[in-house]
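Trainee: Residues per chain, in single letters:
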Amino acid sequence: GIQVEQSPPDLILQEGANSTLRCNFSDSVNNLQWFHQNPWGQLINLFYIPSGTKQNGRLSATTVATERYSLLYISSSQTTDSGVYFCAVDGAGANSKLTFGKGITLSVRP
Amino acid sequence: NAGVMQNPRHLVRRRGQEARLRCSPMKGHSHVYWYRQLPEEGLKFMVYLQKENIIDESGMPKERFSAEFPKEGPSILRIQQVVRGDSAAYFCASSRDRGIEKLFFGSGTQLSVL
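Protein sequences appear in the order of chains S and V. Using the working numbering, read the first sequence as starting at 1 and increasing by one per residue. Using the working numbering, read the second sequence as starting at 1001 and increasing by one per residue.
By construction, these hints were calculated from the structure, which means they are not laboratory data. This structure is a prediction, so every number in the text was calculated from the model and none was measured. Each residue gets a CB set at the ideal place from its N, CA and C atoms; glycine is no exception. There's no promise every hint is true.
[Claimed, not checked] Which bits of chain V does chain S cover? Going by a derived footprint, with three or more residues having C-beta under 8 Å, they are: (1) 1006-1017; (2) 1106-1114.
[As the list claims (entries may be wrong)] In the DSBU-like style, the derived pairs of lysine-lysine whose C-alpha atoms are separated by at most 35 Å in a straight line are: (3) V:Lys-1051 <-> S:Lys-54; (4) V:Lys-1044 <-> V:Lys-1102; (5) V:Lys-1102 <-> V:Lys-1071; (6) V:Lys-1027 <-> V:Lys-1102; (7) V:Lys-1051 <-> S:Lys-102; (8) V:Lys-1027 <-> V:Lys-1044; (9) V:Lys-1027 <-> V:Lys-1062; (10) V:Lys-1071 <-> V:Lys-1044; (11) V:Lys-1027 <-> V:Lys-1051; (12) S:Lys-54 <-> V:Lys-1102; (13) V:Lys-1044 <-> S:Lys-54; (14) V:Lys-1102 <-> V:Lys-1062; (15) S:Lys-54 <-> S:Lys-102; (16) S:Lys-102 <-> V:Lys-1102; (17) V:Lys-1071 <-> V:Lys-1051; (18) V:Lys-1051 <-> V:Lys-1102; (19) V:Lys-1027 <-> S:Lys-54; (20) S:Lys-102 <-> V:Lys-1027; (21) V:Lys-1062 <-> V:Lys-1051; (22) S:Lys-102 <-> V:Lys-1062; (23) V:Lys-1071 <-> V:Lys-1027; (24) V:Lys-1062 <-> S:Lys-54; (25) V:Lys-1062 <-> V:Lys-1044.
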């Protein structure tokens, strides 16, 4: 099946700093989503982005499907951005089930 | 418009007991997906259901686990004769159509097996 690799595995930031989170995938995808899991375990859908670039406030994401990677940018980070960020993909013919990466643990310090 | 609702939020069972986890999809959604998350890991797909049909159960363990999504009522994930290794967070997600765009998750059920 499709492989999803996220990097770096852990990230510590000072409040106000910017960061880039990376997701590499091993095959063509129909669907790519970024999720934030907060410290209480809730999964929040950030972006549906199989290709192109999207922005939502301080967050933006870019997927280059031909090169099989996606980037999540966090600008002016806040302590509430802490948590785990997951990239999940739906490979071609995968019957709509998402394969998740292992996540990137982000800690934003005040 | 309520989101995906899961209950209970926390479930404690002793080894050998049964666990029933419930998921009510978002209004207007007829596709339900169950995922399991072990500590320090990402989510693993278990099963994909539509009303009264199991579409893909390739991620379900062959024994003790079953899922249903009846015509009326919530989707149920059932684990019989639980073992300690079943302890995990179980998440449900729903979508309006097959070929999902955004997937919306419930808050999860944390199952602890003593």
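Trainee: A separate judgement is required for each hint: does it hold in the structure or not?
Mentor: Now for the hints, and whether the structure bears them out:
no. : hint                      : result
1   : 1006-1017                 : violated (count 0)
2   : 1106-1114                 : holds (count 3)
3   : V:Lys-1051 <-> S:Lys-54   : holds (33 Å)
4   : V:Lys-1044 <-> V:Lys-1102 : holds (17 Å)
5   : V:Lys-1102 <-> V:Lys-1071 : holds (24 Å)
6   : V:Lys-1027 <-> V:Lys-1102 : holds (15 Å)
7   : V:Lys-1051 <-> S:Lys-102  : holds (30 Å)
8   : V:Lys-1027 <-> V:Lys-1044 : holds (25 Å)
9   : V:Lys-1027 <-> V:Lys-1062 : holds (31 Å)
10  : V:Lys-1071 <-> V:Lys-1044 : holds (26 Å)
11  : V:Lys-1027 <-> V:Lys-1051 : holds (13 Å)
12  : S:Lys-54 <-> V:Lys-1102   : holds (14 Å)
13  : V:Lys-1044 <-> S:Lys-54   : holds (26 Å)
14  : V:Lys-1102 <-> V:Lys-1062 : holds (29 Å)
15  : S:Lys-54 <-> S:Lys-102    : holds (23 Å)
16  : S:Lys-102 <-> V:Lys-1102  : holds (19 Å)
17  : V:Lys-1071 <-> V:Lys-1051 : holds (6 Å)
18  : V:Lys-1051 <-> V:Lys-1102 : holds (19 Å)
19  : V:Lys-1027 <-> S:Lys-54   : holds (27 Å)
20  : S:Lys-102 <-> V:Lys-1027  : holds (30 Å)
21  : V:Lys-1062 <-> V:Lys-1051 : holds (22 Å)
22  : S:Lys-102 <-> V:Lys-1062  : holds (24 Å)
23  : V:Lys-1071 <-> V:Lys-1027 : holds (14 Å)
24  : V:Lys-1062 <-> S:Lys-54   : violated (40 Å)
25  : V:Lys-1062 <-> V:Lys-1044 : holds (15 Å)
Figure legend: structure checked against the earlier numbered hints; hints not met, in rising order: 1, 24.
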